[in-house]
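**Student:** Position chain B relative to chain A; hints supplied.
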Amino acid sequence: MKKNNLKHLAELTAKEKTISKKTGDFILKSLNRKNVKIFLHFYRNELQKKRTYVTTASVLSSESLKSLKNLFKEKIIVSNIDSNVGAGIKVRQEDIIIDYTFKRYIDDTIELLK
Amino acid sequence: MEILNQFGFDIKLFAAQIVNFLVIAYIFKRFLYKPLLATLKKRQELIAKGLKDAQKASEALENAENQKTEILGKASKESERILNETRQQSIVVRDEIMDTAKKDVEKLMEQTREQIKQEHDNFMSEAKKTSLEISRIILTETVKELFDKKEQEILIKKGITKLKNS
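Residue numbers (the numbering used here), protein chains in the order written: chain A, 28 to 141; chain B, 76 to 241.
Among the clues, some could well be false.
Heads up, simulated SDA-like pairs for lysine to any residue below, C-alpha to C-alpha not over 25 Å straight-line [what the hints assert, rightly or not]:
| hint | chain 1 | residue 1 | chain 2 | residue 2 |
| --- | --- | --- | --- | --- |
| 1 | B | Lys192 | A | Leu139 |
| 2 | A | Lys117 | B | Phe222 |
| 3 | A | Lys100 | B | Lys233 |
| 4 | A | Lys48 | A | Asn31 |
| 5 | B | Lys203 | A | Ile133 |
| 6 | B | Lys232 | A | Ser85 |
| 7 | B | Lys233 | A | Ile124 |
| 8 | B | Lys237 | A | Leu139 |
| 9 | A | Lys102 | B | Thr236 |
| 10 | B | Lys143 | B | Asp128 |
| 11 | A | Lys49 | A | Met28 |
| 12 | B | Lys124 | B | Asn138 |
| 13 | A | Lys96 | B | Lys224 |
Quick caveat, the hints were computed from the structure, so don't treat them as lab data.
Predicted model only: the values in this text are computed from it and were never measured.
The shape of chain A in the complex, shown without the other chains (with noise of 0.2 Å):
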């Protein structure tokens, strides 16, 4: 199978939100294992596309989980909670970090103090 068609695939099992027993079975049989490897990087990619991963150091309310839906409309909210950051939110979407958390705060005065 070409990558082009590939990627189709990997487009549209991405826009389900489980790969279902029918499109799992036709992967695994249809495609040989280096096949399999491209789909799963394509489908990786699509599932980034459609996520955005939100570090807090406690548990969003769900007030802030409103919010952040509003703001991120049509994503997949992924929320981790990591007591490093001390405070804040740091928010990733593909690429792009964006980062308001306490750690980061810290990070970049003692960056700047080198």
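**Tutor:** Showing chain B alone in chain A's frame:
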């Protein structure tokens, strides 16, 4: 004549004596005088030559003495000149060596100073980095417990507001 006879003068004897004398004179002149004269002349020439040679030798000696004195004088002057020159050169060389050594010492000291400064700067830089890293670790550990839930929520909301505005 009588008078001469009274004194015992005999003319014949006198004549005979004259003849004897002439014969002897002739013989003397013929066989002795010339060789003797030649010998004397030869000897005289020899002596003259010897004197001349002695004179020459004396002159040669005098010349040699003069030459010796002159050569010694020249040699003395030359040696003095060489000595002075050598002394001057040695002073110049000594000064050059001293100058070079001084410059080398100064250069070495400058290098050492630079090296010490460099090492000090490196040490300070490393110390600064280390202290900042320690500070980062301490601060990161401290902020984990620094904010309560309410403060966390306020800061999250502030972050979301910033995200909206960005």
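**Student:** Does each hint hold? Answer for all of them.
**Tutor:** Here is what the structure says about each hint:
As the CA atoms of lysine 192 of chain B and leucine 139 of chain A are separated by approximately 24 Å, the hinted pair is consistent with the 25 Å bound. For a cut-off of 25 Å, the pair hint linking lysine 117 of chain A to phenylalanine 222 of chain B stands: about 17 Å separates their Cα positions. Only pairs whose Cα atoms come within 25 Å are accepted, and lysine 100 of chain A paired with lysine 233 of chain B is accepted, the gap being roughly 19 Å. Under the criterion of a C-alpha separation no larger than 25 Å, the hint pairing lysine 48 of chain A with asparagine 31 of chain A is consistent with the structure, at around 23 Å.
Note on lysine 203 of chain B and isoleucine 133 of chain A: the hinted pairing holds, with a Cα-Cα distance of about 16 Å set against a maximum of 25 Å. Pair hint lysine 232 of chain B plus serine 85 of chain A holds up; C-alpha atoms about 13 Å apart against a cutoff of 25 Å. Simply put, lysine 233 of chain B and isoleucine 124 of chain A have alpha-carbon atoms about 17 Å apart, close enough for the 25 Å limit, and the pair holds. Between lysine 237 of chain B and leucine 139 of chain A the alpha-carbon distance is near 22 Å, which keeps this suggested pair within the 25 Å criterion.
Pair hint lysine 102 of chain A plus threonine 236 of chain B holds up; C-alpha atoms about 18 Å apart against a cutoff of 25 Å. Distance restraint check for lysine 143 of chain B and aspartate 128 of chain B: the Cα-Cα separation of roughly 21 Å lies within the 25 Å cut-off, and the hinted pair is therefore satisfied. For the given pair, lysine 49 of chain A sits about 18 Å from methionine 28 of chain A by alpha-carbon distance, which is consistent with the 25 Å threshold. For the given pair, lysine 124 of chain B sits about 20 Å from asparagine 138 of chain B by alpha-carbon distance, which is consistent with the 25 Å threshold.
Note on lysine 96 of chain A and lysine 224 of chain B: the hinted pairing holds, with a Cα-Cα distance of about 21 Å set against a maximum of 25 Å.
Checked against the numbered hints given earlier, this structure breaks none of them.
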